[in-house]
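With the working numbering applied, the sequence shown closes on residue 86, and no number is skipped along the way.
Honestly, I wouldn't trust all of these hints.
What the hints assert, rightly or not - Here are the computed lysine to any residue pairs in the SDA-like style, where the Cα-Cα straight-line distance is at most 25 Å:
hint	residue 1	residue 2
1	LYS15	GLU28
2	LYS15	GLU29
3	LYS15	LEU26
4	LYS15	HIS34
5	LYS15	ILE25
6	LYS15	LEU30
It is worth saying that the hints were derived from the structure and are not from the lab.
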Amino acid sequence: MASNNNATELPAGLKSFVDDLRADILAEELIVEHGLLEASERDVEDEVSELASSEDKASEDEDYDNDENLADMTAVSPLMREVFED
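Hey, can you work out the whole structure from these sequences and the hints?
Here is the structure:
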């Protein structure tokens, strides 16, 4: 493993990966030592608003051309109907 001196420089991608690993280890140590932190009412409200906004966005972005669950399958052309009825 590289020492903690300035003479050893890590490539940017590897440095980012190592930094992410260090952050994960610190988070895990915090949870192991102190347990999970209680969620505040504000945290819950933030999550609910995020879920609600993504649900609203999903309903606005329905793709009727590419989603077979949203297409009216009774409007299939006679030629395509023959293909699937064989």
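Each hint tested on the structure:
1. Between LYS15 and GLU28, the direct Cα distance comes to roughly 20 Å. Compliance with the 25 Å bound is thereby established for this hinted pair.
2. A threshold of 25 Å between alpha carbons decides the hint, and for LYS15 with GLU29 the separation of about 21 Å falls inside it, so the pair holds.
3. Restraint check for LYS15 and LEU26: satisfied, since their Cα atoms lie roughly 16 Å apart, inside the 25 Å limit.
4. With a C-alpha separation of about 28 Å, the suggested pairing of LYS15 with HIS34 is violated against the 25 Å cut-off.
5. A C-alpha spacing of about 15 Å is found between LYS15 and ILE25, which places the hinted pair at or below 25 Å, so the restraint holds.
6. Among the hinted pairs, LYS15 with LEU30 is consistent with the structure: their alpha-carbon atoms are about 22 Å apart, no more than 25 Å.
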